[in-house]
Each structure stands twice: as structure tokens, then as C-alpha cells.
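Visitor: Here are the chains, one letter per residue:
2 protein chains.
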Amino acid sequence: MAARPGEPPILASASAVRARLLASAGVPVEQIASGVDEDRVKAAFDKLDHDSLALALAEAKAAAVAAAHPGRLVLGADQLLVMGDQRFDKPRDLADAAAHLAAFSGREHELVTAAVALRDGVVLWKRTERARLAVRSLTPATIDAYLAVVGPGALASVGAYQLEGPGAQLFERVEGDFFTVLGLPLLPLLEFLRGEGVPAWAC
Amino acid sequence: MAARPGEPPILASASAVRARLLASAGVPVEQIASGVDEDRVKAAFDKLDHDSLALALAEAKAAAVAAAHPGRLVLGADQLLVMGDQRFDKPRDLADAAAHLAAFSGREHELVTAAVALRDGVVLWKRTERARLAVRSLTPATIDAYLAVVGPGALASVGAYQLEGPGAQLFERVEGDFFTVLGLPLLPLLEFLRGEGVPAWAC
Chain A
5 MAARPGEPPI LASASAVRAR LLASAGVPVE QIASGVDEDR VKAAFDKLDH DSLALALAEA
65 KAAAVAAAHP GRLVLGADQL LVMGDQRFDK PRDLADAAAH LAAFSGREHE LVTAAVALRD
125 GVVLWKRTER ARLAVRSLTP ATIDAYLAVV GPGALASVGA YQLEGPGAQL FERVEGDFFT
185 VLGLPLLPLL EFLRGEGVPA WAC
Chain B
5 MAARPGEPPI LASASAVRAR LLASAGVPVE QIASGVDEDR VKAAFDKLDH DSLALALAEA
65 KAAAVAAAHP GRLVLGADQL LVMGDQRFDK PRDLADAAAH LAAFSGREHE LVTAAVALRD
125 GVVLWKRTER ARLAVRSLTP ATIDAYLAVV GPGALASVGA YQLEGPGAQL FERVEGDFFT
185 VLGLPLLPLL EFLRGEGVPA WAC
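As they're listed, the protein sequences go chains A and B. Numbers in the numbering used here are just positions in the first sequence, counted from 1, shifted up by 4. Numbers in the numbering used here are just positions in the second sequence, counted from 1, shifted up by 4.
Next up, chain A with everything else stripped away, as it sits in the complex:
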């Protein structure tokens, strides 16, 4: 079923970065935060592998919003940061962000990015992508200086870094799609959306 004219997809997320990625590619969305308690979902699905957990979180958010918006195409997304067996949560404050960065220093970690599209409770499409990032050796002084530069912006992402900004200084190497790092498997998602007739010019 093609999108109804005048009704953009709903992005079940408060993420400004995700909304901007879609808008830049010609897909404006209506943003409605899901209110899903991510910690509860994580606790309930703790035994899942990383990709399945990221998908479960993305689907839980999309499903919660879709239930209140019958007939609308709803997109959910999630991103997990994984280093070895350990999963990291979004930093709570700048001290927590500093601890994250100290843990990443001189090591590699992965970002697992998931997206789900559903309508009326039916999952129409889903996808995960991974990116691998190597952080250079960071002294405590560099971490402090970085956090002074970015301030509370460090709390906006699970990695406490902004690769598209000053965070580029933290990395030795990034393998994988930039969009995946920013929080959406954008190219496959756009392919799905074109199949739904969005945006009309690109189909």
C-alpha cells in the first residue's frame, strides 16, 4: 500500500539526528516519541543477541506509536553500542560520558543500528547494520577537554561522541556506513520507503 498523500511517515523517536537524516534525503517525518521504557525492554530481552535486541527495541517503539495511529506507516529505530560482551547505555551525565570514553580508549567497539517499519501492528520491513569504530588512545586530559568542547551534546548518543563534529578527533578508524554510525540503516530504509512511494520524485 502506498503512503497516503499528505501523510508523512511517523518516526517513533525523539532523535533530532534521525529526523534530519531522513529529511535531508527528501523524507520529512512526523516525530512522535514512543514513551517506551527502554530499560524494561532490555531487561525483558536480555538473553537476545545484539541484533535481535536492537530490532526488538526498534519494534517496541514503532508498535507503541502505531497502536495510536491506525493506518499510518511508523518507523522505529534503535542503536546499541557493544564492546566484547559488554553493552553500553547512553551516558547519564558528563562523568558517565567520561567513563564511557575511557573504556573505549585504544580499543574497537561496534554500533548495532536497527530500524523497523510497521503499519497497524504488521511489521513490513526490518534491518540491522553494524559499524566498527577504533578509538585512539585518549588521555584523561583529552577526554576532559573533549567533553568541555561538546558539553551536554555528549549525552545525546550512546557513544558520547559526535563523529560528525569534534568527535572525529577521537577516532583512528571507522569501518561501516556513516548513516549506521549516526543511527539509521539509511540506504536500505530509503529503498523500502521508495517501494512505499516515498518520496515520489525518487521512485
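Hints listed in this document are in silico derivations from the structure and should not be mistaken for laboratory results. No experiment lies behind these values; they were computed from the predicted model shown. Ideal Cβ placement from N, Cα and C applies to all residues, glycine included. Treat the hints with caution; some may be incorrect.
Unchecked claim - Covered stretches of chain A, going by a simulated chain B footprint (3 or more residues, C-beta under 8 Å):
no., stretch
1, 126 to 133
2, 142 to 150
3, 170 to 182
4, 192 to 198
We have chain A; now place chain B onto it with these hints.
Guide: Just chain B now, with coordinates in the frame of chain A:
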């Protein structure tokens, strides 16, 4: 030799994208276009492989600006688009951009991105990186619609696309560093600049 306080690196390029990439990472630059005739350099170095040609172009631009600015750190950059044996130049007009996109349709091409740093005629650092891009099958109607959306912006890059904008709709897959696609081997360049003491907070 560390950068002199108050004297930013010079970027020997008029590229707004390259200047923005560096500024976002905390490295503001002074932009001075080199005035180098790229077609002449390309003709002179026609027999070089792609990486060497991209480096030669980057170095020619940096050297031209450095000659007029003794003691200053000067960065030069270049990007070539290569498909099979064929090199593509920046499109001259929208009809040329349409021809580029029709040639890329349903195929893979590579972007070869080079940067050089020099001071007083001495090359201090150089690097090339490659990205591989798969363009989806584009109908003439899609190409026309895309060019109507981006307008003269299509002429700003050798590929006639803006991956960070509506151009994301043209691609099936992008392998390689996003910064390389945008026009700079940014992460290695930042590593070199940190060695030069730029920016102070990241060293």
C-alpha cells in the same frame, strides 16, 4: 614544527564542504583558492595511476598557495571519480550531470580522495583513501527529478550527487569512509594535524 599560535592552517581549496569538515572537527582553516589549472595538471600527469594523480593535483594546489605564504602550513586536496578505466570530471552543467548519473546507473564506481600538507615547499604528509559506491538503476525520469531537486548543487562535486542530502536516494551501497566520500581523508589528516599541535584540546 608546531603551528604558530593564531595562524590556522591554510586550505588551498575553495571547497565549502572541505572547510566545513575541518571546522566541525575543531580545525578552522583560512581558505585560499590555488588558481591551479587542474586540466593542465591532469594532462601533464595523464600517465599516472589514479592515486598518484590525485596526490599530484593536491600537491600542486598546496604548493601554489604555499609559495606565496612562507612558513605557513598549507593543505591541498583532490578527489577523482573512477569507473573502470574511465575518469570523470566535475559536470559542467546540468545536462552533463545527467550524463554522469546515467553512466553511473546500476554500476559501481570509486572515489579517490587525496590530501597533502606542506610548508615552504616541503611535503610533510600525504595520504589517499578510496570509497566504493554502488548506484541503483536510475530511470531518466528519476535522474531528471533528482536534478530538479538539487539544482546547481549537482555541479559542486565530481559525482553530481550529494550523499549527505537528496543524493542518498541514488545509492544502493556505500563502502568506505564517509569523509572520504565528502572529499577529505579526514581521520588520518586530523592525526597529522594533532602532531602539529592542532587543535590544542585534542593533542
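Visitor: Take the hints in turn and mark each one as holding or not.
Guide: Consistency of the hints with the structure:
no. : hint       : verdict
1   : 126 to 133 : violated (count 0)
2   : 142 to 150 : holds (count 3)
3   : 170 to 182 : holds (count 9)
4   : 192 to 198 : holds (count 3)
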